[in-house]
Amino acid sequence: MTRLARYSPYFLALPFALVFLAFFVVPLVLVVVVSFWDYTEYSIIPDFILTNYAEMFEGCLARLPDLCTTFATYLSTLKFVVLTWFFCLIIGFAVAYYLAFCVSSLHMQIVLFLICTIPFWTSNVIRMISWIPLLGRNGLVNEGLISAGLIEEPIEWLLYSSFSVTIAFVHLYALFMVVPIFNSMMRIDRSLIEAAYDGGANGWKTLTNVIIPLSKPGIVIGSIFVITIVMGDFLTVGVMGGQQIASVGKIIQVEMSYLQFPAAAANAVVLLMLTLLIIVAMTRIVDIRKEL
Amino acid sequence: MTRSTLSRRDMLKATTAGVAATGFVAYAPAIHAAETKTLRYLGTAVNQSAEIAEKVKEDLGITIEYIPVTTDEVTKRIVTQPNSFDVVDSEYFSLKKLMPSGNLLGMDANRIKQFDNITPAFTKGEIAGKKIGDQGTAPKKVLYLEGQYSTTFSEEPTEWITLIPTVYNADTLGIRPDLIGRPISKWSELLNPEFKGKASILNIPSIGIMDAAMVVESMGEYEYPDKGNMTKKEIDMTMGILTEAKKNGQFRAFWSDFNESVNLMASGEVVIQSMWSPAITAVRSQGIECVYQPLDEGYRAWAAGFGLPKTITEEKSDLAYEFINWFLSGWAGAFLNRQGYYSAVLPTAQANMESYEWDYWMLGKPAAQDILSPSGQKLAGVGEVRDGGSYEERMGSVECWNAVMDENRYMVRKWNEFIAA
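Protein chains in written order, with my numbering: chain E, 3 to 294; chain Y, 21 to 441.
Treat the hints as calculated values from the structure; they're not laboratory data.
Just so it is clear, CB atoms sit at the ideal spot from N, CA and C, and this is done for glycine as well.
If you anchor each label on the Cβ, the simulated ranges turn out as follows:
(1) Asp338/Y with Phe25/E: 38 to 44 Å
(2) Phe88/E with Thr83/Y: 51 to 57 Å
(3) Val127/E with Gln306/Y: 17 to 23 Å
(4) Ser305/Y with Ile148/E: 26 to 32 Å
(5) Ser305/Y with Ile128/E: 20 to 26 Å
(6) Phe25/E with Glu243/Y: 52 to 58 Å
(7) Arg202/Y with Leu152/E: 30 to 36 Å
(8) Ile128/E with Glu243/Y: 44 to 50 Å
(9) Val127/E with Lys75/Y: 32 to 38 Å
(10) Leu383/Y with Phe25/E: 55 to 61 Å
Using the sequences and the accompanying hints, generate a full structural model.
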């Protein structure tokens with residue numbers, strides 16, 4: 003092997019590595035650097051101070067058991083992460099299972115899969131906002147229930163509540179769960195399922211012992227999509243929660259609009275750390291690289 | 021992480037030479053505007069009507085390129101990218117943040133033909149010879165500079181002006197009279213438990229806290245020395261009252277975009293809330309009753325004006341003065357008055373309005389004919405009177421102005437806490 007040939011994989015990887023460096027690594031490093039800077043109303047000052055982090059966690063220990071802003075915000079964000087992840091997983095798994103195993107022709111599978119993606123032809127915001135006339139005080143659901151005589155007063159918690167935020171998240175992001183799980187399921191060797199049946203396993207046993215373990219990479223990848231999106235979201239929480247529910251993203255946005263970039267950077271760093279921790283924990287459970 | 025990446029770009033631009041030298045600052049290529057006279061106009065959508073741009077083109081041959089962004093974004097652009105616009109339309113309350121950055125140029129009052137006719141609300145803080153409320157960042161406090169390149173305000177009138185005033189208004193609460201069914205006359209009604217789950221306040225900290233302060237004073241809880249410049253203790257107290265109301269379920273939602281306030285009101289989710297004048301018009305144009313309710317304690321006012329970036333060229337600066345002089349010469353003023361705002365130079369606007377329009381919008385008289393918006397929508401029928409009455413009644417009852425506080429950093433943190441509560 004010549005010298006050049008030995009290095010050729012590195013040369014091939016170089017363009018992407020450079021793009022990655024310029025548009026991901028460098029900005030990220032700058033965010034971390036700026037999070038230690040000082041700032042005024044109209045400028046940011048190179049420095050090394052911990053004030054931005056200190057202000058973020060101000061009173062967090064002293065006020066316990068009452069939650070400080072940061073803890074309360076992260077707790078509320080984590081609640082949405084868990085709820086959204088759970089419902090997306092159930093729905094995503096069911097849809098993928100149906101597509102992969104209950105639909106027999108490949109042709110039909112492709113058609114049905116494409117149908118799943120149709121809602122994604124419209125924008126995120128439109129899909130989200132379309133819930134408002136449905137769930138509002140004078141919305142379709144309330145009017146329907148009232149005219150059916152089931153309730154007398156409109157239900158207030160349908161809109162601008164944790165309920166509406168969760169429903170919008172699940173609606174928006176379930177497909178991110180469907181696609182990787184479906185992909186994993188399609189790779190499962192059908193003879194394994196036949197073997198399970200031949201070995202005397204019933205449908206449930208086949209599902210828990212064969213299909214779920216082999217779909218794990220898809221489940222983990224889908225979960226990473228859903229969790230990272232929900233962790234950083236502020237638009238959905240804002241619109242569907244009537245801006246009454248805090249989200250880390252919203253705090254960062256407010257700080258940025260007041261030119262408090264270092265404070266926003268500090269918040270972004272903490273958010274990134276937490277998200278990375280979750281992802282690391284998940285990849286510990288399943289080694290995606292091995293399974294792919 | 022995309023958002024953080026974007027902010028990095030802005031951050032770079034906000035910093036001093038060291039970081040800027042890395043070469044990330046993209047300068048726009050020099051364009052020779054010999055044949056086409058263009059002005060890049062940075063501002064919020066309020067003043068950026070297509071009709072105004074068309075008329076400018078017709079009268080002066082100048083092409084206006086609008087750069088429409090939010091109020092906060094205007095501030096950010098001036099501080100971080102002063103070379104990305106030729107003329108800026110900003111709010112006065114931002115000036116406390118803008119001038120120290122040194123990115124805005126003092127404007128020469130001698131080159132503004134109508135300068136002496138600018139309403140005394142700006143120059144002296146008076147309406148019809150009567151002093152009006154000046155708590156917060158009242159325009160007269162930040163109108164004058166010590167010199168053209170000065171970054172500090174002058175208390176005495178000088179010839180160097182921060183922003184040439186264009187438009188201003190007095191804000192109050194919007195209500196749905198059909199759903200409330202009784203008269204409303206106090207700011208404290210916003211937190212009245214009668215409207216539990218049907219109230220809203222705007223989620224823009226620097227304006228929301230002023231509305232909150234009006235409510236707190238109206239409830240008789242506290243009398244602020246200056247609502248527009250609270251101490252930490254006053255901020256804590258104000259946010260405490262808001263937080264308690266929020267925990268009791270007083271608010272249906274908060275809004276930060278003008279359209280959100282329209283939807284909240286039109287759908288009946290909310291019956292009383294902080295609102296801006298064009299939002300009331302938008303609700304009404306859907307055939308829904310909505311009143312911009314004058315309140316006993318007075319109004320919270322705001323004002324905007326034109327400024328020039330210090331990077332502007334001689335040539336562009338001449339165009340900008342030409343455009344600003346045109347803006348104050350009447351046509352645009354009449355256009356703004358017909359939207360329910362007020363123009364800075366009233367005599368020239370009056371000359372461009374029909375007398376029945378002037379009577380309705382400015383004198384508070386019943387409409388003698390149907391009142392139409394500039395785009396031809398009917399806003400009021402014969403006999404109707406403008407909410408709050410005449411110019412002198414409305415602007416004369418201004419209590420405070422939108423502001424940036426000395427404790428702004430603390431206030432923003434407390435506001436985030438309130439949202440999370």
